[in-house]
Amino acid sequence: MDFSFDEAQQLFRDSVDRFVAEHYDFETRQRIVATDDGYLPEHWQRFAELGWLALPFPEGYGGLDGTPVDTMIIMESFGRGLVASPYLSSVVVAGHILNRAATEQQKQALLPALSDGSLRLTFAFAEPTSRFDLADVSTTATEDGAGYRLNGYKCVVHYANTAHKVLVSARTTGNQRDPMGVSLFLVDMGASGVSARHYPTIDGQRAADIKLDNVRVDADDLIGDKDHASAFIEETCDHGIAATCAEAVGAMSVLYEMTLEYIKTREQFGKTLGSFQALQHRMVDVFMACELCRSMVYAATCRLTESTAERQCTASAAKVQVGKAGRLVGHEAIQLHGGMGMTDELPIGHYLKRLTMINTMFGDIAYHTARFRRTANYFSL
Amino acid sequence: MDFSFDEAQQLFRDSVDRFVAEHYDFETRQRIVATDDGYLPEHWQRFAELGWLALPFPEGYGGLDGTPVDTMIIMESFGRGLVASPYLSSVVVAGHILNRAATEQQKQALLPALSDGSLRLTFAFAEPTSRFDLADVSTTATEDGAGYRLNGYKCVVHYANTAHKVLVSARTTGNQRDPMGVSLFLVDMGASGVSARHYPTIDGQRAADIKLDNVRVDADDLIGDKDHASAFIEETCDHGIAATCAEAVGAMSVLYEMTLEYIKTREQFGKTLGSFQALQHRMVDVFMACELCRSMVYAATCRLTESTAERQCTASAAKVQVGKAGRLVGHEAIQLHGGMGMTDELPIGHYLKRLTMINTMFGDIAYHTARFRRTANYFSL
Amino acid sequence: MDIAFSKDVQAFRQEVRAFIRTHLPDDIKHRVERGEELDREGHMGWHRKLCQKGWTVPNWPTEYGGPGWSLAQQYVFHDELAFNCAPRLPWYGWDMIGPLLIEYGSDWQRQRFLPPIASGEEWWCQGFSEPNSGSDLASLQCKAVLDGEHYVVNGSKIWITAAHVSDWMFALVRTDSSGKKQQGITLLFIDMRSPGLSRRPIITFDGGHEIDQCYFQDVRVPIENRVGEEGKGWSYAKYLLSVERIGTADVARSGTMLRRLKTIVASERAQGKPLLEDPWFADQIALLEIELKALEVTELRYLFETEAGSDLGPEASILKIRGTEIQQRITELIVDALGYYACPDLRPALWQDANIPAVGPDYAMLASASYFNLRKLSIFSGSNEIQKNIVAKAVLGL
Amino acid sequence: MDIAFSKDVQAFRQEVRAFIRTHLPDDIKHRVERGEELDREGHMGWHRKLCQKGWTVPNWPTEYGGPGWSLAQQYVFHDELAFNCAPRLPWYGWDMIGPLLIEYGSDWQRQRFLPPIASGEEWWCQGFSEPNSGSDLASLQCKAVLDGEHYVVNGSKIWITAAHVSDWMFALVRTDSSGKKQQGITLLFIDMRSPGLSRRPIITFDGGHEIDQCYFQDVRVPIENRVGEEGKGWSYAKYLLSVERIGTADVARSGTMLRRLKTIVASERAQGKPLLEDPWFADQIALLEIELKALEVTELRYLFETEAGSDLGPEASILKIRGTEIQQRITELIVDALGYYACPDLRPALWQDANIPAVGPDYAMLASASYFNLRKLSIFSGSNEIQKNIVAKAVLGL
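Residue numbers (the working numbering), protein chains in the order written: chain A, 5 to 385; chain U, 5 to 385; chain V, -18 to 379; chain H, -18 to 379.
Read the hints as simulated data drawn from the structure, not as lab findings.
Do not rely on the hints blindly, as some may be mistaken.
As the list claims (entries may be wrong) - Straight line, CA to CA, 25 Å or less: simulated DSS-like cross-link-like pairs of lysine-lysine:
#: 1; chain 1: A; residue 1: K328; chain 2: H; residue 2: K254
#: 2; chain 1: V; residue 1: K34; chain 2: V; residue 2: K10
#: 3; chain 1: A; residue 1: K275; chain 2: V; residue 2: K161
#: 4; chain 1: V; residue 1: K161; chain 2: V; residue 2: K243
#: 5; chain 1: V; residue 1: K(-12); chain 2: U; residue 2: K328
#: 6; chain 1: V; residue 1: K34; chain 2: A; residue 2: K275
#: 7; chain 1: A; residue 1: K268; chain 2: A; residue 2: K169
#: 8; chain 1: V; residue 1: K10; chain 2: A; residue 2: K328
#: 9; chain 1: V; residue 1: K254; chain 2: H; residue 2: K243
#: 10; chain 1: A; residue 1: K111; chain 2: A; residue 2: K169
#: 11; chain 1: H; residue 1: K30; chain 2: U; residue 2: K328
A quick note: this is a predicted structure, and the numbers were derived from the prediction, not measured.
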């Protein structure tokens, strides 16, 4: 039972915090999300120099052999700074698939490029009728000589605008919602038949809907075993959950701090807002929500490498906790800021936007409450 | 659109309130519920003299031609006084069945006796495996010559201890949960094969589990058309819902008033509790909950005589609203009273007990949320 | 006791409904339905039709151009506007300036200001809040000094809804600082084109521009634009807040949003089935609909409890609190129902000259923006905390 | 970071579990499981077995008879007691009087009072609250005047858990009224058999007798029964509240209750199917279980965040608030799950010499009584409102 960070982790956290403090004040952030790309390529280069892009990968492929706790640390700091970047989609999510499922040859070809920043990926798993069911895949991959032809429609693919390649889940056998029969393919964004409608997301980040119209891929572009991708996809999204929940904890912490500071200084009726007991008790609720989320994120992160059931159960519990708390904390932060909380110029609303996005990503409260239910007995300490 | 009470209704309310004020202070009430019967026979006689027992029945059978609004008035006052009596089970519930479904001859035989207090009935609808589904009936009635033989087990039958006869829902055809095939029989509590295990309920009232072991009833004891009782039973329980919800509004009003009075006078840290803003805001929530329930009870009562869908939808909405509010108001009343709220000598906890019982009776929040869903489009004003 | 509108009122409802369905342009209806802001011109096309019918000032007596409707008719009229996705009547004119001038205005003021409100030619905004007065309204500092036949106004007003499309502002200003803060406040009508009045748009975090801050630098306001007596502004403000406001709870608009939510869950799919069959959503929607029904009956009860129609006192606070909570919750559920399609920010695709194709279903277009935008409801028009303070004091006696 | 107990601690857990399963009498287990109160004799049968094993004072150092366990071992020990439906250790002795005397007691006091706590021969109760001091503990008025070698105590204490089965009370009394209310308070040990001490049972509305009011009329307390210095009682009280209390959140007991709830919904039927397949219940239980898991990890985090095990400061308030909310919610859901069988009041059937058959399932016997009884949790031991005040002040700095 050890809740501490080791020295390397603390140094690492300091370096991310320093980056955010020095290069990512809120005004700069707003300028960055208003650019065409929705992130700053020179920051990406900086991430590479600092080793952040190499973090989760094995040393043999240019990586740093980091753990999920390291990813948690970076994501929490990103959450505090409301950092917009393809880090989650490219390094945490797509990177995890390659690291776990790719062949030696594929890893050699891709991981070093991911680690040095020259390659960006993303993962297209959602479809308009799939909701949060990762096995609900209508996109098809039919064999075509030595390769495959992909047809289908993927929605809300994060930072597809900056990705060189996109990992696509496609059905190779079975019916629309069968877990068996889903495979993963690496598709070049510029390939013939790939068309993307790019757009900003509500939190200022970027996504795209991607249409695959008879897109040809080679046998080499199959990642992992044919028909057996569902388990990797579930695992990958649990890594995504732990990472986004850590990000949410960072975001909620800032909302808590800013709101506390505001009610300590803002005066109404000749007293600070913070001296009104009704508001005090509500701030305690906010604080408690943040604390409970932090704990669950630690647990979800540490359980990523345990059994499937333990991983799923803890990730789902964290996602539910963060989904509920994100709304509570976001709403209270706005409410206690009054009219100022509604303005675009204050960061408050933008944190709620990010928390709203996180609540949806990888499945919402209802979805994960149901998944938790199926695995609850596997929560153990 | 008229939310007022006419003169007769106001006089009627005054008479019930006066009875409660004069004969039903809390200490008296506690003595009454500790008696063997769980109510006071001389009060029952007084109810008869005041015409309350005759209220819902047609003039032709010794009744007063009252409306559901009249029943609402009496039940709200009973709720305020925490009155324990078979009024609900005998007059409102069982009386309604007879009034709606019995033959002319049966009415002539039974309603005048109900009205003058010489006959008390109750209605046995629940079974150990039925939960709140009124059509889930395992008790059987098989034809036996001109009559029937009843076999089965009915649970939590209210004030069976004081009832001369019990209305029993039994299956004459069909499968366990078919709405079609349920019939109603009037069974003498002293009939051979009827055995009852009487007990107090958590709110100090009385109920019994009743075992029917080959109980013989005559063809005359069938109430309503054979096999077609389900609709009457649903309707009857909706009348029970409106009545218990009115009672709950009375109970919640008292909790609100007592708690408000308490926090206005009780001092802590040199100030009245009522001057603490966190408690003020919670008392406002309590007040709002009471107000919304009162409105829904008016609506549910007025809709009892409209179409089935309107009646069901509004009754279910009221039951859900009252179920949620009953817990909120009861819990807050105890909490704001502190340790005193936990004691048996104060009425506070006893109101929560009654509200808890009401929440369960005729279906709980979950059950009625589901029923509301099926009929929501029929809510109209 | 009879909880139903009379046959006459129900017939009137049908008449209103028929009129709206015949005359409300489809594109206006569609834009209101999905929560888009209308510009003034879009608004006026419809307003002129209502005005021809004599229905733009439903609460005014006939002598001032009103239709002379009963309270029930007024209620039903607004109900039908909402039910059929017609725009609201322009803020502040019909509901506040009308009653205010009829009660306290001079003859000249009534003749000058009432007709253009009915016709829609002049729109109004409310200048109450100030940067440092927030919930403590009476602490306002915007100063007006009498100089001959004019007040000279200096200061600032903030959180002014629709200032940028308004012709007039009714503003509380301080004409005397010597007494209690509620004293020395005066109510002025200020021409929005006055020299010295400047405006800063306030963009809310949903990206919309509905509100502004106004700055007054030696703005001269003719003395005849003062309502009632100097120094009595606080009592007029209290009158405005107490005016019987049908629709404080916004039940009908919520009902329309809820209908939209039900359409969405019937259309969205989970596990191959319509989302409306998902018990979680079904229960959440049912629970919310029950809350809404209870609020609806409560609003009617407060409005019609006494025969003449009672003035809504602090009860209005209850309607406001619960009404805004429900509206906010509906927008949350809509966002939840949309899944990933709540995420695209499609506002650019709405710009008139934009030629950008949308993604996802049309009903998803503004769902998240509405959710963010409606967080304002519990803050503006007296925050819900202030409303609870009012109820605690005025009703509970705490 | 590693959120798991070490192999050693896990082995220790198995040892504790095996011991409990071997030695805990079935009837005791059953009574604890369904929420029945145990009398002292029922308790002692089990306590003596624990005592033989040396496990009754898990947090005490070996020199005073404790087992010398690490914090993790202590945590796991209590966890297993709860998980296996063993009774709690008798209140106040092991967890409060032990640490208090070890820190502040005299040698004589340690020798006199510690051994009978470990053996279970002497039980303790807490005399803090008074009829007029409620949440404002420091305003206490129960007076003690020094008279030779004795304090003479007059006044009253209320809400005293288990006074009727206790041998000793540790009481805060006022020895000086001249200064601030926190000053002049002294901590005394009072023999419950003292002449002049009388007791009134307080029946709670669930029908149980757990608490009492005590009256002191010239009760003489030897001066050697004073802990520490006269007038410093408030600081000892604060120490007692700050003592690292494993299990403030009562996570393991809640887990056991939740397991019971799951058993019930697996057994109850609705629409012919087990209630656990009802999505409403399934979701409510899952949401609550998630809250409980989050609380469990939070408690562990607070206990083990620093290597030595940090003192729980105001964080304990968070654990208390959320822990009691969860316990109360579980009892509500149990009542809900039982449907009509939550209604019979079956307490008379529990009386030892009663020969009354129960009705309904055994697990329904005390469900409603427990629901009512546990409303106390958010009131006693510092109401949840007081806990929020503490967090607001100590953590948030408000």
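Given pair status - H/K243, V/K254, alpha carbons within 25 Å: Status violated; Cα separation ~28 Å.
Straight-line Cα separation of A/K268 and A/K169 no greater than 25 Å? Violated: A/K268 and A/K169 sit about 49 Å apart, past 25 Å.
Take a quick look at whether V/K161 and V/K243 sit within 25 Å of each other, Cα to Cα. 52 Å, violated
Between V/K34 and A/K275, is the straight-line Cα distance small enough, at 25 Å or below? The hint is violated at about 52 Å.
Would you mind confirming whether the straight-line C-alpha gap from A/K328 to H/K254 stays at or under 25 Å? 30 Å, violated
Straight-line Cα separation of V/K(-12) and U/K328 no greater than 25 Å? Roughly 35 Å between the alpha carbons, so the hint for V/K(-12) and U/K328 is violated.
Keeping to a limit of 25 Å between CA atoms, is the pair of V/K34 and V/K10 held or broken? 19 Å, holds
Is H/K30 close enough to U/K328, meaning Cα to Cα at most 25 Å? 46 Å, violated
Run the distance test for A/K111 versus A/K169: straight-line Cα separation, threshold 25 Å. 14 Å, holds
Proposed proximity, V/K161 with A/K275 (alpha carbon, max 25 Å): 17 Å, holds
Between V/K10 and A/K328, does the CA-CA distance stay at or below 25 Å? Roughly 34 Å between the alpha carbons, so the hint for V/K10 and A/K328 is violated.
In summary, the numbered hints that this structure violates are 1, 4, 5, 6, 7, 8, 9 and 11.
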